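Below, each chain spelled out in residue letters.
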Amino acid sequence: MSSRVEILNDGGYRSDGRRQYELRDISIDLSPRGTADGSALITHGLTEVMVDVFGPKEAKSRGQSVHDRATVSVEVGIMPFSTGERRKRNRGDKRVLELAASIRQTFEPIIQTSLYPRSEISIFVHILQQDGGLLPASINATTLALLTAGIPLTDYVTAMTCGVHSTTSLLDLTILEENDLPHLTVASLPRTGKVTLVTMETRLHAERVTECLKIAGEAGKILHKEMKKAVEARTQKLAQAMEMAPKVAVVGGGSGGVGDVEMEDEMDT
Amino acid sequence: MVEITIRKRPREDAVVTQRKFFKKTARGKVIKVLRERYLRDDVNCGIQRCSLCSLDVEPTLPPLGTQEHQALSFGHYVIPDTNVFLAQMDLIESPLFKTPIVLLQTVMEEVRHRSLPLFNRLKMLMRTDEKTVWVFYNEYRSETAVIREEGETPNDRNDRGIRKATAWYNSHISLARPPIRNQPKPVLTTAVLLTDDVANRQKAEAEGLKAISVRRYVEGLKDANQLLDLLSVKGEEIEPTRAAAPRQALYPEYLPTATVLAGIKAGQLHQGHFNANQYNYLEGSVNVPAFTKPILLVGRETMNRAIDGDIVAVEVFPESEWKAPGDEVVDQESTLKNDDAEDSDDEEGEDDVEAAVELRIVQKEGTKRPAAEKQPTGRIVGMVKRNWRSYVCHIDRTSLQSSNPGSLSQQTVFATPVSRLLPRIRLRTRQAPSLVGQKILVTIDRWDSSSRYPEGHFVRALGQVESKEAEQESLLLEFDVPYRPFGKAILDCLPKEGDAWVVPPKNADDPEWKGRDDLRDLLICSIDPPGCQDIDDALHARPLPNGNIEAGVHIADVSRFVLPDTPMDNEAAARGTTVYLVDKRIDMLPELLGTNLCSLRPHVERLAFSVIWELSPEAEIVNVRFTKSVIASKEAFTYEAAQLRKDDPNMHDDLTKSIRLLNDLAIKLKAGRMAAGALNLASPEVKIHLDSAESSDPVDVEQKQLLETNSLVEEFMLLANISVARKIQETFPQTAVLRRHMPPPPTNFEKLKDVLLKRTGRSLDVSSSGALAASLDQCIDPNEPAFNTLVRIMATRCMLSAEYFCSGSVGRDTFGHYGLASPIYTHFTSPIRRYADVLAHRQLSAAISYSPLHPSLHSKPYVERVLDVVNRRHRMAQMASRASVEFYVGLALKARGISGTVTEDAFVIRTFRNGINVFVSALGIEGLVMFKREIQFDAENYTVSVPSPNDGAPTTISVFDKVRVKIDVEKDPNTQRGKVKMTLVSPVNSASL
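So the protein sequences, as listed, match chains A and B. Per the UniProt record's numbering, the very first residue in the first sequence carries number 1; after that it's consecutive. Per the UniProt record's numbering, the very first residue in the second sequence carries number 1; after that it's consecutive.
If we strip away everything but chain B, and leave its shape as in the complex, we get (with noise of 0.2 angstroms):
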């Protein structure tokens, strides 16, 4: 049994005991507090067999000190002022730095006061073999215990405290080891007080103590010379301890909303949405009509607290103070790695540390730069809407107070947002040490102008990082993706005999047949990936008497099932669209729709809306006709099996026959489309192999291959959206459903025109999509074939995106489809899946007299509203799977890795002033490497020099050279974030840069 007593303590000692103090709470409210703590004896001095202390513990000291420096020739400890740690935390960390150190407890709730981050170094000091470091309580001990005097400031009797304790280490060693008569007096081990604070050395040599300055001892140490190395310049010179000043605005005020909206339409400021560079935390930019080139935003106080998304409104400098982009990578969280998150007035001592570096890292980034670059530049006054979401985080680990599982403090933590367009969230939490390691979801509060950091609360755990399920989770709120079950309401909408529904025995008076073409005898199939359920399209083509072909598109009839303005229909319009994850589908319409009635499997049949063509054999349209249908789809085929009954010499069935008179016609669709200047485009695209469906381990990652069935069904899709189009904007000019994509500006492509000039001497034209698509055909290196993906990549990046939008709202020539050279198109053909497709259905069966138009399609705000919800949904859903893919490649590459390292070809698509960009084909990645030391850096050419790790001639990289890199999955110790590290492995070994 434990042994319980009552520590006794005097009344009369309560001077020394009880201390009394005033506290200002965050409210302004002053409180006394009084404390009291019980001194003791038996506080242990850590030496090895001293005679006079318990054994309870293991003492760690060696007996006669360290005796290996040149000045002090005796045995002695050290016992470091709080500001040695403060300052000199690497020398002292190096593990040559050998000398027992006696820690006080003063020092290291000093420490502890004046910087968390160095606090959690000094205790993973401890924690290590190689150091001999003692941590002696002397404020619990009776005769080292201090208390502050009148008049004297907490540094002073800090001060104070330090020297009495080493005081006592010296005359407790003296009476550890009394003198013997007759022998001569022992030399004794002594404690050497190590501080860089002048006034502390001269009371401390006052009172007859040794006392040294850090520089000092370790000039006389045995590795002097590389120990001096690590001595830090700010130790020099020793600041006192602040006195609290008023928290300082460390932002500028946002104008009153009536001055923002005034300044707006006066043309004097302008409103666009704000977006962080994810390069460089000190740089965003603000779109705005008035200039071709995004306004930039140098450095935290010009982005004034704005937050990615943000609509804010900008002020423009004067021309003379523009400036260009910077061209090194910033990373916050190595910038900032001591910052703290507390929110006291001591953390402003390491603002100014910060605000320095900052300051340094914004004034690099050159003036000096050639007009051209240069970019509007201008600052933050106003915020028109914030755009603030729930973000999910990782608390970092670092900025914890006490990391006990069991604390229910109320702690200020940082947390990291997943996404680096975001900076850190400073928390208030009572539950931090349990979610260290864990995903969590985040909002923000606000963000004070006195504020560095923007403050949030805490929503709810989404669960530990890197399990499937958090991460799951993690993507689709972080991307917005509505992914709760359908409710009641929703599948009360669904046809009441589920999935016995069929399609009723032919009759002409029955409803579901009434104006229904029957096709259930043609010969049609559908093409689609392996393992897809939701098949929207079936295909069919057979030979005209005429010579003529045709030719049909069959697309799921989900307007029959999806009635206008019905629970399931908002729920649709709301979820705009299917997300597909690697290892999930968040489906836009509920399953026994998606999956089943509308379906379009093989064998049953189905209620099918279908383009049919009269196509000549140079593929040309002479006839098309729309109609709703009854299809029974012959066969399901994976785009291979397509391909290989096509290629098979000895399949001559019918249905082979047609799936190579619609490859033939899909060839011509195709050569017609390039003629009339439709760019092919590339986006880096690789396919999981998931073990099983259960475990959905990654087993590993590979390129998507396209075979031409690919190509075929596309054709034909294509064919149809733009014959849909058409008919539905002939109907009805005003609200037709349609999808465009704008021409990019030319200034888009001016950084690629230059790279692709001077690095590898070809020219781009991007004066038409024609031209563009010509010219990258042209961009072809015979050495190497990736060379032009990369390329094609890179172009596609410099494009905008394509978008829904109602025929009624723009001009008539804004219309066309830049990458597809159409000059009208839609989206018709995977109804299941997109809303706009849906839309399009209703208006394409009103405009075939089928079904009246219900009238909210005819009305140009609603057709907008919805089509505005769908086009951000479409645009995060992409973003969401393919933050998928990222993950689960982060797996696999983690699996791979295991086994050993993984090392890729890749090639640099841009450089930096401290590192380069990388594009790893293979795995459809992107990557930096940083180099830690310092290389050259040729903007002009978009090179880099990197000198050679033995002081050889140095290695230039540049853009679009070839490279191998090293991948390596990391996880950031403090946010516990997965990350992908690369490093070069050729041309240059860049792991000791």
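Pulled out of the complex, with its shape left as it was, chain A reads as follows (with noise of 0.2 angstroms):
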């Protein structure tokens, strides 16, 4: 039945209605999960991802730890109920271990580690359910969970799959456009317009490739827009909740300082 779906019909629609350029709906959920120090929740289309990240805190091992820089680690797991077939796989699944050192790769330069030596940030990212843009949803999710925890980076990073169908190309595939067209996944820092990570694991025309980058670099910027107002809505949130709240020495300002709160909070209890 599958394969009797078209890509992109005549018409322009691809088969859930939208035309090449539109992403799919993205919703983002930002509060706090137990005792995590930053989680984000995205719904993009019906993919969902889950990431809480823990730290800077000390490193589990000494062995593992590095005397001028923090480590960083990605521990990434597929929930069985993610997919139509109910799967398990354990975490020495070789496509999960590859998810987690892609985000790791991708974060990796963009934290910046130099201002906590020794330490180790944890980052875990639950899959609750797939349809397509696995990484990029995960990157995405990533990003504003490091935000949420207060760990400084030097820009946001934010992640697209675009694929080509004959000779156009089409962003934000499902599950069922990424099993039939060659894609590629790239990761960009918006304001700069940099590129932190691209990966295909298919063959794409060599003439396509620039396309498909400038495209899915433009779509990071109307992501990264996105991201920013859920981040700055919880922002103010977190404001107006401490203007009411009994006063707290504050220290500093603007999203740093919101965890620095936090924080805080943490080692009075």
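Calculated directly from the structure, the hints in this document are not laboratory data. The structure displayed is predicted, hence computed values, not measured ones. Note that the Cβ used here is the ideal one computed from N, Cα and C, for glycine as well. Among these hints, one or two may not hold up.
[Said to hold, decoys possible] Computed spacing ranges between beta-carbons, pair by pair:
{"hint": "1", "chain 1": "A", "residue 1": "Ala-206", "chain 2": "B", "residue 2": "Ala-500", "range": "46 to 54 angstroms"}
{"hint": "2", "chain 1": "B", "residue 1": "Val-30", "chain 2": "A", "residue 2": "Ser-114", "range": "31 to 39 angstroms"}
{"hint": "3", "chain 1": "A", "residue 1": "Val-195", "chain 2": "B", "residue 2": "Thr-60", "range": "37 to 45 angstroms"}
{"hint": "4", "chain 1": "A", "residue 1": "Ala-206", "chain 2": "B", "residue 2": "Thr-25", "range": "30 to 38 angstroms"}
{"hint": "5", "chain 1": "A", "residue 1": "Ala-206", "chain 2": "B", "residue 2": "Lys-496", "range": "48 to 56 angstroms"}
{"hint": "6", "chain 1": "B", "residue 1": "Thr-60", "chain 2": "A", "residue 2": "Lys-229", "range": "36 to 44 angstroms"}
{"hint": "7", "chain 1": "A", "residue 1": "Lys-229", "chain 2": "B", "residue 2": "Glu-143", "range": "28 to 36 angstroms"}
{"hint": "8", "chain 1": "A", "residue 1": "Lys-228", "chain 2": "B", "residue 2": "Pro-178", "range": "38 to 46 angstroms"}
{"hint": "9", "chain 1": "A", "residue 1": "Met-79", "chain 2": "B", "residue 2": "Arg-148", "range": "22 to 30 angstroms"}
[Stated by the list, open to error] Chain A side only, calculated, beta carbon under 10 angstroms to chain B, not exhaustive:
{"hint": "10", "residue": "Ile-7"}
{"hint": "11", "residue": "Tyr-21"}
{"hint": "12", "residue": "Asp-25"}
{"hint": "13", "residue": "Thr-174"}
[Stated by the list, open to error] In the PhoX-like style, the derived pairs of lysine-lysine whose C-alpha atoms are separated by at most 20 angstroms in a straight line are:
{"hint": "14", "chain 1": "A", "residue 1": "Lys-88", "chain 2": "B", "residue 2": "Lys-29"}
{"hint": "15", "chain 1": "B", "residue 1": "Lys-8", "chain 2": "A", "residue 2": "Lys-225"}
{"hint": "16", "chain 1": "B", "residue 1": "Lys-932", "chain 2": "B", "residue 2": "Lys-966"}
{"hint": "17", "chain 1": "B", "residue 1": "Lys-668", "chain 2": "B", "residue 2": "Lys-657"}
{"hint": "18", "chain 1": "A", "residue 1": "Lys-194", "chain 2": "A", "residue 2": "Lys-221"}
{"hint": "19", "chain 1": "B", "residue 1": "Lys-374", "chain 2": "B", "residue 2": "Lys-751"}
{"hint": "20", "chain 1": "A", "residue 1": "Lys-88", "chain 2": "B", "residue 2": "Lys-32"}
{"hint": "21", "chain 1": "A", "residue 1": "Lys-221", "chain 2": "B", "residue 2": "Lys-8"}
{"hint": "22", "chain 1": "B", "residue 1": "Lys-860", "chain 2": "B", "residue 2": "Lys-894"}
{"hint": "23", "chain 1": "B", "residue 1": "Lys-203", "chain 2": "A", "residue 2": "Lys-228"}
{"hint": "24", "chain 1": "B", "residue 1": "Lys-932", "chain 2": "A", "residue 2": "Lys-229"}
{"hint": "25", "chain 1": "A", "residue 1": "Lys-237", "chain 2": "A", "residue 2": "Lys-225"}
{"hint": "26", "chain 1": "B", "residue 1": "Lys-966", "chain 2": "B", "residue 2": "Lys-981"}
{"hint": "27", "chain 1": "B", "residue 1": "Lys-203", "chain 2": "B", "residue 2": "Lys-164"}
{"hint": "28", "chain 1": "B", "residue 1": "Lys-634", "chain 2": "B", "residue 2": "Lys-657"}
{"hint": "29", "chain 1": "A", "residue 1": "Lys-225", "chain 2": "A", "residue 2": "Lys-214"}
{"hint": "30", "chain 1": "B", "residue 1": "Lys-323", "chain 2": "B", "residue 2": "Lys-374"}
{"hint": "31", "chain 1": "B", "residue 1": "Lys-751", "chain 2": "B", "residue 2": "Lys-293"}
Mind docking these for me? Both chains are given alone in their own frames, and the hints should help you get the complex.
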């Protein structure tokens, strides 16, 4: 049945009614969860990823710590119910490890690790539902989780997939499209336009690559706006809450300050 | 820069926008699938100058619709239901049907699900300029999207969606043109639902929509008379979508192997090779020893998944159910045009239709035919051995689901084999779009009883259709010709000196000269076709003082270089023969030997194996002597050059004299052979002229001419072969390598005899080869010189093919060569290109005590095994070169066709219920002329009567009639397979028939 779905029909619609450069609906939830220092839940179309960030904290074992910077560790858990076919993936699954490694490599240069020598930043990625764009959704959610944890980043990291159907490029592929089309995932820094990660598992014509990179970069900027809006909304709420709450010493300002407040809270308890 | 947006979707919408369903995978696992869709308000209605829709695309629907309808006085569009496209595609495709069509996405997708070929036709329709078709994506428009309700069938949901879209169109039109005060209410254009589904129509009318059946709609159109003819009856009664039934077995299961073997042993079942019929894919036959005629298999079920070449077990029906073979050409492609490759449940709907067509064809194969024509009829009940190999195929374009070249999705498509004898193969591949228009290699994996077609997998692509490399390779693969370059181990067996190898100077002690005669002084020459590099044979003749004549045939001494049981020997045995294609030669032996060291080139000393006779002036053998020798050929003639030299009265040198001497002897030898009853057979042979060696573009085709010198060489080779055969059979009665041609069973000639008698009043005596030769000589039409050749060609086809055999394996009385009328025969004269000759050389060499015989040649099983391979390779090589010629004839025709049409004289050689088979002697090709219209067919008299185009008296065409045909080479649009198409030009033009 699935092979009978047209990826892009003559009217320019994709199988879910979007046009080629339309991204799926994105909703972002940044409410704190449990003991995590920062967390974010991104629902991107039918893909849902939750990321919890712990740290910076003391490294679990001395052997892992580095004397002049923090180490970043990423663990990815794919929920067995995230796909139609229930399937349990172990931690050692190659695909899961690869996903974790991609995320770690993306963020290692972005996080200002030198500020936290001998400490560790742990990122836990939980994939709750998948419908294409797993890596981009994970990267976007990680950016937001790191932000809410108050870990200084040089910039947002936004990621997007771009596929090519015949000669037209399509943004934000669903799983159906990912199975059918050659595609690449691009993670970029929206302010500078720098690209931190490009992965591709299929073959793509060389002539199409630059176009894909450019469009995925543009899409990153749109995502950036969306993510910024969510962060600002959260900060505003926090600021409001603080005004109403009994006076607490506020050190510094801006989003970094917010993180500091939370840390102090934790230390008090 | 493009605009990138995020499609926002309220969470609450999820009920409408998300779809959850369960899917069963091929392995039987059930998977839950969740899909979402984004509903939008900017889906264009497609009406020109619509004030509500955006103008980013060019709308095509005229604002007023069409007004050319008697019953509907207002302007309107039609919105056809799915059943209209499924049943009445011919009507919609007609250029007379001009109403603007709104094609709903729901409808389009339903068509796509039900039948891909119809969907592809629909897509073609959308692209033509004469039609106004607007695709409305109703499933993506927020107002018209529907979701399936509880308890609603998918069909009902789609119908509801179609009605909703129709209603939307009408309200949209009225919103776009709101009534203006003080003006009469404008007459609005209406969208009319066109459906043959009564229930849907009633519901639509209840909802206040205009709905009309196809028949009623067409009746009101201007060209109703012509259009009504196009209405298919099928559409009248509409069947609801079937619930997915479990797949039924289409074929009976095979019996277990033990039962089959027991049955064969007991004589209840018969074992034989399955032969498919190339004119009728619903018919096949199996030759078994128990019956003189082959067992006929009619219909898919009785052929039970056998593929040409399989060894099958057949059960024969009681004699009352025997049938005669069909007399109709049934083409798989045209009959099964709309068959669907996707192996899903909705295939079955179409299956029924095609099954009905096939049933009709099968039933028509009359039981009313005369009993004499009836053949044993049966069905295949078991498979003894599959003989599947890789097949060269083309991808059928219509079976493609997505033709986007970048698509990586797995698709199920049909691969049509190049050979007409094979069924289509179902193939799953991820690269289907890129394989269209290429030749590909496909292997069959299995054929389940529940699957109509065999399933296979893609092996590799050979290249673009019609590119020479791809065609060449596909030929070699199709005929199983080993064409890999020679490996290192093989090349190591060559003499170390390479092409610097020469015969050492004469020295009695040198092992090379030991036992060899020095024949360097003899006036030896070779006569071969032009451009021949592998010269196997050379000849000489000289008068002896006693009045007799000494004649010698000198054959390249290949066995000196190819020693038994070496890698080179094994490879040559496996290759069996050199294969000659039009533009390529696949050597049996490495080139250094074939064209240099062994080749009896002029002016150099070469080793040879000589047969030297003392012949009386009447060409009777007085004495024969075999010897290894060293020769130096004086000249390498072409047939033409030798002929000219012989005929030139001014030439009196010794070489010319010896050619004349040889020629005189050859004429006498031939006369003697003919008197003994040898057959002069004919096969269609043509010659391809190539432009140049590099481009190898064929320029033209012409028939091969036979000169006197051809016959000269042939006679002496025959003589040498016969002499050698006698010698080795005497010496090695158990293992001599011989060649025989079995006399054909008289039943083979029945049809030809009957045709000849009825059409020309001539009789054919087939009691012996001599009698046949005599009566073939009688078959002369003074007005038509080609007639005799034609009869000879047809007679040749009735015969069995000659084969190599081991003298100890068959009875002494079956050694004879029917065609040559010789009691014993072998192949000795072309060891460079035939492996059997190499074996004969070794045996002869041992017979004259020149060298000991290798132990393998003392072993009967070994010789039998090698000869089996050689026989098969020999047959395949012949077919490959014939196919290669055919391909080039096709190319040449195409080249000729560009400058104008090609018309040639042709003879009718067979008549069918719906066509005739003709033979074009000038090109050496056969072709089918098919008649689309009904024609009178008289099987009794091999005659068809064709009504003339302007309703005059019918023209009668019978077998042996001379006709003129127009020959085109056309590509099958689906598979890109080149096809020679013939149409009659005279006596009647069949283009319109």
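_Output the indices of the hints that this structure fails to meet, ascending._
Result: hints 2, 22, 23 and 24 break, sorted rising.
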